[in-house]
Structures are given as C-alpha cells and as structure tokens.
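Protein chains: 4
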Amino acid sequence: MASGNSNGSDKAQAGKIKKVVLAYSGGLDTSIILKWLQETYGAEVVTFTADLGQGEELEPARRKAELLGIKPENIFIEDLREEFVADYVFPMLRANALYEGIYLLGTSIARPLISKKQIEIARATGADAVCHGATGKGNDQVRFELGYYALEPSIRIVAPWREWDFNSREDLIAFAEKHQIPVAKDKRGEAPFSVDANLLHSSSEGKVLEDPNVEPPDYVYQRTIAPEDAPDKPTVITIGFAKGDAVSINGEKLSPATILARLNDLGRDNGIGRVDLVENRFVGMKSRGVYETPGGTILLAAHRAIESLTLDRGAAHLKDELMPRYAELIYNGFWFSPEREMLQALIDKSQEHVEGEVRLKLYKGNVIVIGRSSPQSLYSETLVTFEDDKGAYDQKDAEGFIRLQALRLRTLGLRNRGGA
Amino acid sequence: MASGNSNGSDKAQAGKIKKVVLAYSGGLDTSIILKWLQETYGAEVVTFTADLGQGEELEPARRKAELLGIKPENIFIEDLREEFVADYVFPMLRANALYEGIYLLGTSIARPLISKKQIEIARATGADAVCHGATGKGNDQVRFELGYYALEPSIRIVAPWREWDFNSREDLIAFAEKHQIPVAKDKRGEAPFSVDANLLHSSSEGKVLEDPNVEPPDYVYQRTIAPEDAPDKPTVITIGFAKGDAVSINGEKLSPATILARLNDLGRDNGIGRVDLVENRFVGMKSRGVYETPGGTILLAAHRAIESLTLDRGAAHLKDELMPRYAELIYNGFWFSPEREMLQALIDKSQEHVEGEVRLKLYKGNVIVIGRSSPQSLYSETLVTFEDDKGAYDQKDAEGFIRLQALRLRTLGLRNRGGA
Amino acid sequence: MASGNSNGSDKAQAGKIKKVVLAYSGGLDTSIILKWLQETYGAEVVTFTADLGQGEELEPARRKAELLGIKPENIFIEDLREEFVADYVFPMLRANALYEGIYLLGTSIARPLISKKQIEIARATGADAVCHGATGKGNDQVRFELGYYALEPSIRIVAPWREWDFNSREDLIAFAEKHQIPVAKDKRGEAPFSVDANLLHSSSEGKVLEDPNVEPPDYVYQRTIAPEDAPDKPTVITIGFAKGDAVSINGEKLSPATILARLNDLGRDNGIGRVDLVENRFVGMKSRGVYETPGGTILLAAHRAIESLTLDRGAAHLKDELMPRYAELIYNGFWFSPEREMLQALIDKSQEHVEGEVRLKLYKGNVIVIGRSSPQSLYSETLVTFEDDKGAYDQKDAEGFIRLQALRLRTLGLRNRGGA
Amino acid sequence: MASGNSNGSDKAQAGKIKKVVLAYSGGLDTSIILKWLQETYGAEVVTFTADLGQGEELEPARRKAELLGIKPENIFIEDLREEFVADYVFPMLRANALYEGIYLLGTSIARPLISKKQIEIARATGADAVCHGATGKGNDQVRFELGYYALEPSIRIVAPWREWDFNSREDLIAFAEKHQIPVAKDKRGEAPFSVDANLLHSSSEGKVLEDPNVEPPDYVYQRTIAPEDAPDKPTVITIGFAKGDAVSINGEKLSPATILARLNDLGRDNGIGRVDLVENRFVGMKSRGVYETPGGTILLAAHRAIESLTLDRGAAHLKDELMPRYAELIYNGFWFSPEREMLQALIDKSQEHVEGEVRLKLYKGNVIVIGRSSPQSLYSETLVTFEDDKGAYDQKDAEGFIRLQALRLRTLGLRNRGGA
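Keeping their order, the protein sequence lines are chains G, Z, F and R. Residue numbering for the first sequence follows UniProt numbering, beginning at 1 and increasing consecutively. Residue numbering for the second sequence follows UniProt numbering, beginning at 1 and increasing consecutively. Residue numbering for the third sequence follows UniProt numbering, beginning at 1 and increasing consecutively. Residue numbering for the fourth sequence follows UniProt numbering, beginning at 1 and increasing consecutively.
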C-alpha cells in the first residue's frame, strides 16, 4: 500500500518508525488507523484512550485494542475529566473566551491535553512517533501537531488522513473488512455529519450541515433538547466562584468536573447552549458547525456576572480587549505557546478577587442573571445612589473631569474650523 | 437663589449668559430647569425637543414650553428618527459594538445627535450657551458636554444638576409649584427608578434596582414582555443587508428607522432584548442598569451572521479585537473624536461586501440564526467538504503549514529543555 | 532534469505551463531560472524587470534576456520608482511602521508592487504562471506568492528554489555554463552575503553575517558611510509635509521618489540609517540582517515630529497601538489583505491635517529634530504656559479630573484592604 | 490668606488637617509650600526628602526643614535609589516602554515611589494628609494623587498650586521673604525653564522651550554633552542580562542603581539620550519637553537586542503591541492600577529566559549593537543558513505554508472579482 511518503523529508524515512502512540477512541476510524500504522510503518502501536467526558465507556476500547493485537502494556486508558476542566476549561473561562463572538472553543481546548498525554506516554514507552485521526482540512490536525511539536520538538508525527490513498468511505470499509475490524452496520454508509464530544461540548460538522442556509435537522443535536421542548417553568440556581473559578452549585462545594457535569445536565434540560455558526478555520476556509455547550454557556454568563461586581473597570476592559486574541490562539492550536501563557498570566492576575455568588434563571434557552453578591464587591450603593451620598462623591468634580477630557477635543475643534 | 457659581472660572460670569439652548423633553425635570435658567441666569431660553423614537408625542412639549413663556421662534421640535438610526445606530451596529460584553449602548449613542442639534440651534439662534438635564453622577453629562465642546469649543455649558442647591425631590417640587409648573400627581413622590428611551432601547436605573442581588421587579420593563409571557410558537423572519446595514425585512425594503421599529415590535412580542447588568461608569463607579433593546438585539445577531458568510477572517478578527475599544469610546462619550472616526473608517471599509439575507427564529427571548445566504459569500462547500473537492484544497499543504507554524515552538521547546 | 514535481497537486501538471512571467533582474540567478523554466516546463518565458531604485541600469537586462532567447514582445521593463514611493512607501510611513521596533520594512514593501505588475503582465500576455527567484527559507517567497494569489487566485506559481535539485553553488554554475549563461568571475565563488536593494533600502543577509555576535564587516554596507566617517559639521534640512506625506525639502516641492532619493543622499553622507538586527521571520526562524535605510530613517523622524504637533492624542495613541500589527502584516506579506486595507483606511483618516515643516539636524548617524511648525498645529503656548493663561485653562478643573480618575482606584483600595 | 477653599467638598474642611506629609526637596518652592501649609491649614508638617539619584545632597534639606520649624521626628530622609531602579525602572524597561514612540518616562516612573513612601510615612506618623508641589497644569499632580488615593483611599490631599492665590513669581518671593525663607539670588527672577531629575533622567520644560520651532539652547542640557562634543573614538561596552534585567557591565556584577549610574556616565560622555519632543499631556494639552536619559537609552537598545535573541516571535510581538498601552498607563499615573499590574504579569512572564550579553558601541549620540550572545538563544545558524542545513528545515514545507495562508485571500479575490 502506498503511504504517500513522497511528501517531505521525514516521509523518506517512513519505514523507520519503531513505536507510535495513537490517540485511540476505539471507534472504526481510529481502528482502521491502528491497522494502517501496523501495515504501512511496521510499527509497534501504543494506544491512548482518554475519558474527557465524551460520554462513552473506555473498557470497550481496551478490548478492541487487544483484539487488534495491541499488547496489554501498550494500552493506556486514563480518566482526564478533572484535569481537563481544572487546567484547561476553567483557565479559558476566566478569559470569557469566545471565538468569533460566539463559539466557546469546546473542541479546541481538549486537543492540547490529549497531545500532552500522548507525548508523556511516548516518553514513558520509548515511542518515537505519535499519531492522530484528524483530517487534513480541519483545525484539529494543527492543534494536535502544534502540541506535539511544542512539547517534544523532535517527535515524529503521523497524520494518516493526509498520507494514505483511501479516497472514499468505501475504501475505508474495504480496508477494515480485509483486516477483520468490526464494522457496525450504521457505519457502513456515510455518516450524515461528523461529531466530537467532551465534557465541555459536542460539535457537529459536515454533510447535512454543509449548506449554511439550511437549518440543522433536529437529530444533529446530541446533548441538549430544543428550547421549545424545555420545561415551561424556569430553574433557578446559584453558582459560587473563588478566584475566578466555579466552586459550588446551590451552596454545595463540588469538584471542577462535577460542576461542569451538573451544569451540563441543567443546561440540557433547559435547552441551553446551542450555537449554529459559520466560522473561519485556521487552515483558511469557512466551515459551518453546530455546537452544544450547555454547562459552558451557563458558566460564561455567571462568570461575567461575578466579574461585573468584583473586577475593576481597568482590569475588565483590558481583558475584554485581549479576549479575541486569546480565543484565537486557542482555536488555532497555540495553547502551548509563550503568548498564550503570557495572556494567561495577565488573566489569572485579574482573577484574584473574583469570588461570590451568582443567581441564574434557566429558561428555554435563556440564561438570565437575576442576582450577584460578593464579599469582594466593588459596587457601592452609596456612591451610585441618586439620594444623598454623604459626601462619597462630589458632583462638582464631574465638571473638572469633563473639562479636561474635552480640552483636546476643543483644541481640535478650533483647529479644524480654522483649517476648513 | 444660589447658582453654585463659586465653582470654576466660567461660573464667575454666570450672569452673562444671553441665550441658552435647552434639551427639553417637556417633562417635569426639564421644565424646572427651564424656569431655573430664566431665574438664575436671566437668560433667554431656547427649547429643543427631539423625537428619537422615545414613544412620546412632541406637541405637548411645545404647548408646555409656550406656557412657560418661551417665544414661538425659540421652540425647536424635530423628528430625528431616521437620522438617528442611519447615522448613529447603524454605523455602531456595523462594529457589533457591545460595552462590557453585554450592553448595546442604546443611551450612549443618542447623546451625540442631541448635542449636535443643540449646537446647530445655538448657532442659528445666536445662543451662547447650551444646557442639559443629566445629573452629576452619570455618563450622560459627559456625553452631552464632550459633544458640545467638540463641535463648538467656546460654547458655555450649563449643567443645573451640578450647580443648583436643591437637595431633594421635595425641593424640586416646591420650586415647581412656586413657578406654576404643573406637577402630575405621580411625580410628587420619588419615582421608583429612572428611565431613558429612544428607538434603540429603554434603560432603567436607580432606586428599586440599586441592589444588584435583587431581581428587577416586573414593572421595570417597559417595552418587552417577559420570555415566559411570549408566544409558544416561534416567529421566523428574514433580514436583508447591504454594505453592512439592514435594508429589508422579509423581502420588503424599508427605511432604517422603520426597520428598527418593526424589529422592536417583533422583539417585544417575543421577549427579546432584556439585559440586567452591573456596568462600569466613565465617572468611576459601578452602577446597575436594566436595558431593553429588542430590535437591536435581533440586528446584532443577524449582522454577525451575515458577516460570518461575507467577511474574511483577517477582517473579522481585526474588527473583533477593536470592538471593545470602539464600544468604550461611544460609552464614554467620544463619538466626535478622531479615534472614533478612525475606527469607523476601518469598520466601514470592512463592510463593502457585507450583504445578503439572514433567516432568524425569534422564540421566548432567543434569537436563533437558522440560515444565511449571500451573493458575496466567501463560504465554499467545495473547499470544506469531506468528499472529493476536485483539487480545490490539497490536504498535503497542511503538513507544510503546520511544520512552519511549529518551527518556532520546536525551537523554543529545545531551548527551554536545555535551559531547564 | 528532475523538476521536483512530486510535491503537491499542481506539480502533477508541471508540463502544462504555457507561458510564465518571471521577475527578472538580469543577474546570474534569475538568468539560470529563466533557462531552467524553459527546460523544465517547456514554457514561453516573459521577463519583467523593474526599476525600484535599486541603482542598476535596466537595459543590460533587456540585452541579456534577448541573448537567452526571449522574444522582444516578451520583455517588459518598467520604471516604478514614483509608484513605489507614492503608493507603497509613503502610505507605510504614514503609520510610522517599524517591524520589531527597529526595521523599516524596506524589502517587504517592494514585493507587493512587483507581484502586482507580474500579474498585470500575465493578464496582458495571456500567461498562466508567474515565477520569482526567492528561496524557500525566506520571507520574500511568501510576500510574492500571497500577492500573486490575492490578485489572481487561480494563477500557477513556480518557485524554482523550492523545486529544483541543485544543491550547491557549483551545481548552479555548472548549469549556467552548460546553457551559455555568462558568469561573471566574482560570481563563481560563494558571495559573502546576500543583498536586496531598492529606493528605500538595502539589505544584507547570510554568510559572514550569520553569527549575531560578530560585528558586520565594513564592506557589507553599500549605501551609507559609517557615522565615524561622516562630516564633523551637521547638515540642517527642512522637510515639508502635506496630508502625512513629505512634499518638499528645504522649501522645494519635489515628487515622492525625488524626495526619497535626495534624503538617501543626505542620509548616506551623514552615516544615517544603518540597522543591524536579529529578526523573526514569518517562516519561523530567527535571522540576522543588516539594513541601510538612510532616507527612510530621516522621514520617520520627521513624520513623527510633524505628527507630534498636528495629531490629537487620541489619534496618535490609537495609531501607535496598531502600528506593530500593521508592520507585521507588511512584513509577513499581507499587503493585499482586507485587514491591511482596513488599517490603512484608519491611518489615512488620521493624516488629513498632518502638514507643516520639520527642521532636522543630520550628524554622524543622528537625526535630531530641532524645530517643527504647522498651520494645523494643535500646540498652544497659551494653554501650556506656566504664566497667566488668561483663562484658557482652569487649574481647579484638575482636581475634579483627578478625583474621578481616582474613584475606581480608591474603591479598589478599600476593597483590597478589607479582603486582605 | 485665602486658601482657595471654595472648590470641592474636602476644602470646606480645610481647617481640619492635623498632620500633613509633604514631599520636600529643600528648594525654594517646597519651602514656601511648607510655610503655606503651616499658615493656611495650621497643620503639623512632616517632610519627606528622597534620594532618587537627582544628584543633590539630602542633608541641606534636613537643616532647612529644621530651620523652618519642623520637629526632628517629623523629618524623613531616605535613599531610594536601589528601590527606584530595581522595582520601578527595571520592570518598566522589561516592557521596552516608550511614550509616543520616543519618551522613556523618566519623570513618570519616579512619582509612584514617592507617593508610596509618603503614604507609608503618613501611616507611621498618624498624618491625615499628604501634599506635593506639582502644578495644576501638568501630569505630575495626577501621578502623585492617583498613587496616594490608590494606596490610601481616604487620605486628604493638598495641592497648593491649585489652591493658593499667588499669581506670580513675585508673590511667591514676597511670601518667602515675609516668612524668612532664604531665597537664593538666582531664584529671584523667573527660571528660564523648569527641571526634574532622578537617576533615570532629567527633564526640562517651559519658558525658553515653549516654542517648539526653536531649538533648545545648549544650557538647557544638564547631564549629557552634545554629540558634537563627544569623543571621536567610540566606547565599546558589554551589558549582561538575567531575567530581562541588566546585571553586569563588562562582566562585573553590579547592583541595579550602580548599573544605571555607570551607564549614565557612559551615556553622558558620548552624547547619548537627548530627546526633544512635543508630547500629549494627560490633562489634555500638548507640551514641549527636553529629556536626557543617557543610561536608559543604552539599556533600552541593549534590552531589545538581548530579547531579539532569546524571545520567541509570539512573545515579542505581543509585547510590542501592548507596549504603547503600558507606557500610556505609566505616563498617565496608573502605576498602582490593576491593568498595569496585569500587563506587568504578562511582561514578566516573557522575561524568564531573557539572559545573555550585548556588546554596544557608544559613539557621538549613537548606541550601536555590535554583538549579542546568550545561553538561551533561539537563533539557529543551522536553520537559517543558505547552505545545507542537514534537514533542519524542509524548503518544501514553505509551499504548503504559503498555500494555506493564501487560501482566504484567493477566496476573497474570486469573490471580489465576481462582485465587481
């Protein structure tokens, strides 16, 4: 089988991979990749299967890997849910990160963690290569590979979708059958769209979604009900924050992953977190995606609300101005870059006093803030009141404030009139 | 009566105002100001009453002004709705402007237009001063006065709320009664909150809203019904755009103000556009506001959607990064500043090809984009498809792309390991 | 001869180029490329030779092209100096563009114009391909090719240095001799460094310059004398500006290219404009370059000086904040991108009143501003004076200004103390 | 004597100051202020005199304070040079901060430290007020007072220049003589310009400098010789860096203040660091300043050079984009603000690997980098070489890189042509 190895200098040494760590879901595609790696590169394959909250059991992946001839010591399975939420999702939420004004970056933020784990396993097992199952048109290949390279600059990367000669679903199925890879009946045809899921979100792309002028069919949505189907009665909850991170729901202290999981349930039941957008991929084309981020959508609203009370204007506006850049870095795969880390240092610095409670009403797709309180509040009823404020604010100060703010505009006005 | 003229150099010449143009609503407060101006400054008062879509008739203001002794030639009444939407609201919406991530700037954007008209009338009538009814703790005083000063650098500004000695509602009512200003019964006590309204939004602030941990009572909302009270059936509409501005609803070409008015009705009926937030005022304190922007909220979602199809990534991301700055300038009152005009030039440049149609579902507080199409679309199904793209995109290009993106990270990785 | 055509989908059709427009200098390297194109692709070659002020005559290039078998109607020679300065250099200088704080972008800014002309000639001659002589490690390949693609999306691009199999200078010389391309004696060995030149600057890179810890040898510098060798007596000049562009020297109105040429002479004679830096290439590695930009260095200082008098603070600071982004876009080759055009619209908007005269002292590497004046000046001696300013500025306004600026900091201070 | 106490709410309580900490230089102006405080407010005065490297002895200030009746326990004198450089100047230099492209912020950066010390002394001595000698038209009043308020929100601030009724130099001299304050003969007339000095710089403003079209007379310069008067032979030095800060000169480890002092000497002798500019003050007008920053100018060039070798592109460009904002914050007096601290966290994060040595040639006003080396260098001769790089870089990667960078521009080009 041709391995497409005429492309680039590394490929000239295709045969030389000894051991490769594959990000393995246990599904059909990564099982095909597993076999293809063995056949094309003659390499020992190490599988890595992670629980990031995608809602699938992991043990079937172990059995499937064994079935495909992977040695037990080469099968790595890990529950990463807490690490994922605590070290990736929450830091990102501190920034109120939204890509292109709308997308909560649910897929983007999972990739760096998988990359990191694959590199750690490569080091532990002496592997000289890593492999992912992302296609050659998407963002995920970039995110995986920038992660690999940043953490292990001399690692060899195998990207089967860019290398192999399969041209159609039929080719893949044929290869699977030839190698005794079980193919579920519903996988034989083309899937009507492609999905990704983790504790933060589910995404759907491609096929039936490719015309951005056509509403997504209902069956595309996987983890939220439609606003129309949500209860007629609102659900009211309280989220507690400390140092910018959610730490409790309705007064109950919970771990990061538990908080996100509970909010996912609440969001799902109230039709919250659906987004249907056309976005700009890093590789240069526009694509249409449908995202469901139930818990994340609630957290974003709550975080902004607690910040509104506890963050100074200077801090808040600086964060807002830098947020699009930060979101773009994560979307493009630059989590492990100095500029992302610099921005994170800036953001984390701002969160020291971001604590308190936010009360929210969840209702048919809406997340409505109905109260916020904080021991670190910067809001002062005395200052803001129309009533007598007992000298907290001297209205006459405003005149000087305005006059000096206006000074340059007055000078300009005089000049421009003269110049006209 | 003391005029507070001990504060600032201009005040020393308080008596010298000859003619002053007052932004006059016809309500109790600006009627009191009118009388106070006559009494304190002995000045001829010119009233200016504008229809910005606040939903009040203007002729009563004329009669009231006449009653208070204003000469007919000194009463100016103008319908500014089309100018307001075409030259202020729409340019701002091109930027997707949101202050602090949430507020659509409905009050902020109306002030520059009022300032501009007052100055024009001052020139036409030979007035040497202008006067507004904004208080000394808010943003509006800044917005009015920066506008005045930018357009007429040597204008004399009177800000009664900062100058006079009234200390309570009772003082004001007493002054009104002494001067035969009619006082409606419901104005005798303290209003439970303070409002502002125009075609873009209504705002409510103060009093019952001052505790940010208490949900706004229902009666605060003035132009939207609650999501819970909205119809169970969604409304689907189509908005057409040209050069970044809305130009039609459901295929019908409409003027800017008509479009906004219709969308306001649609938004109101579907419980859309309520925002309850704690914001940072330019004068330095936090305040809590409740805003209703039904049509504007729909337009923002629609505009982002049509941009998602027609705007290049480079243009879109640059706009997103500069948006918070642009919004801050408008919020702070710098509409007539070179930096706002520079940003507007940048934004307008980006909108040349922003045209097409967006289909939206309005449902109980939700604005859901369900389709977008454009003759200027940059979205290519051929490019993005998982299927055979007939050479539109060579997946192998991605390898080189990633490898060069990674080069600096690999170099860093090698360095940092060595340095560790 | 192998054409390296195994790489990428376009290459599979290597033989199918009919006519290719080559950016042709007349030198050895592009003459080799010319022959290689004829041989490898069997294509009709059109040569384009431009005068961008590099200081070489163009007619020898015509003769050489004829000698290599190019038909007279396929030889294009154009003097682009005025277009280069008026439409590329001056717009960039309006932004005070500096890459990485230091580099005036002399090479970067020339590439888009060459790309544009090649595409125009391709259209005029019915050519289906363009070709440049930039190597595969540098920025110039990116700049040329982004220009080609932006202006003619379906153009075929040939980049010989990335394609051919020559591995050494010897290979190239052998190819040249085999094809009767004249090889000057001093070209037989390796050049000690590589150069580029145009009216704005000369650059030197590579070889003897590759160790950034070694001072460049004197012979590297091509168009400036060393500060040490410059006259002991300063030269004083006056540059006039209109709408942000230089329009005169010492009162004499001159064309853009003439101004730059004269300032180059003045700069050269006074040892001005040398920069030795380590920079970050777009393709991911650091490189060391030596640049000489005599006239541009003088213009930058003069432009900043005239802006200091005529630009409002808001405009000036916004420009300063966006400048690094603008410079990066030009460096990376994105001249023909919507984001560069948007930033240009913003910058140009700011320059409407940037006019006046700047007096400069040129002395042994220094450009010292010694005076600036403008009919559009915003500087007011009355405002700034320590003396009696006749009421232009009320010092008491400063108290209110400061107190409101401080309000949020005081609130923070109280909160943080409580929270500590 | 009238104390101008009609302005603002605090003033109404003018008589109530018990103890005030005065920033006291020992010069005529602050001695007048000292007396004026005693007389106007009847307050106990505490003097604070700091050595920030302004080049004056401190003991005379002590004697003068005693002479004016200050109790010994109320006289505070402190050598702050090391703290000033280590905690203020060096952090700022890490950012390569320049205000308006040119000014190294030598005055701005000293004010926060003085504010901080005054507040500390106010706490230690139980003072309820602080006082500074800055005028009502400048930036320094803002810097002092924002510092005071941020660190001690309820402190009472006295700003004599904004309060008192002296209208001329004569008034001040008369007051001094009346109170037996010694007046040096050369202080009797108007100083021809006003100065400020510390270890980082000297500034001169006003009077003979007020016409920006007139070259500063030679006697304005206080701590540098003119380039023309500098030696004909260059001085070559090496500066060592660790974590972004200078730590050695010519291999000798030195304390921060010692390094700056030595570089000041070297800069002075070589005519380095003079700047003559028109700048935009925070209070709204333009002013003309002459600054001398000999050591700082050398450090800035050296720091950029060591960063060029050790900072990744992503880090470097992010810093460059944020620098103008950071510089503006310091200029405007917001050192003690959350946004400055957030930016500092970002900047400091970037400096972890900024170490190595820079060799510089100082010559008649020029600071010329002639070499840089670092154990943390990211520069790779192997990567950048035109020669065989042994596979470090595959030139063919550039094609894919460019093609994906171009994809959106090609799509745009196709669209725009169709749309035209």
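One or more of the hints may lead you astray.
All copies of an identical chain are treated as equivalent in the list; a pair is satisfied when it fits inside any one copy or across any two copies.
[As the list claims (entries may be wrong)] Here are the computed lysine-lysine pairs in the DSSO-like style, where the Cα-Cα straight-line distance is at most 27 Å:
id, residue 1, residue 2
1, K349, K243
2, K253, K18
3, K16, K361
4, K16, K390
5, K185, K253
6, K243, K16
7, K349, K35
8, K207, K18
9, K361, K187
It should be emphasised that the hints constitute simulated quantities derived from the structure, not laboratory data.
Checked hints:
1. K349 to K243: Classified as both; 9 Å inside a copy, 20 Å across copies.
2. K253 to K18: neither (47 Å within a copy, 50 Å between copies)
3. K16 to K361: For K16 and K361, the Cα distance exceeds 27 Å both inside one copy (58 Å) and across copies (51 Å).
4. K16 to K390: Classified as between; 18 Å across copies, 80 Å inside a copy.
5. K185 to K253: For K185 and K253, neither the intra-copy (44 Å) nor the inter-copy (51 Å) Cα distance is at most 27 Å.
6. K243 to K16: neither (49 Å within a copy, 41 Å between copies)
7. K349 to K35: Neither: 47 Å inside a copy, 44 Å across copies.
8. K207 to K18: neither (37 Å within a copy, 38 Å between copies)
9. K361 to K187: neither (40 Å within a copy, 33 Å between copies)
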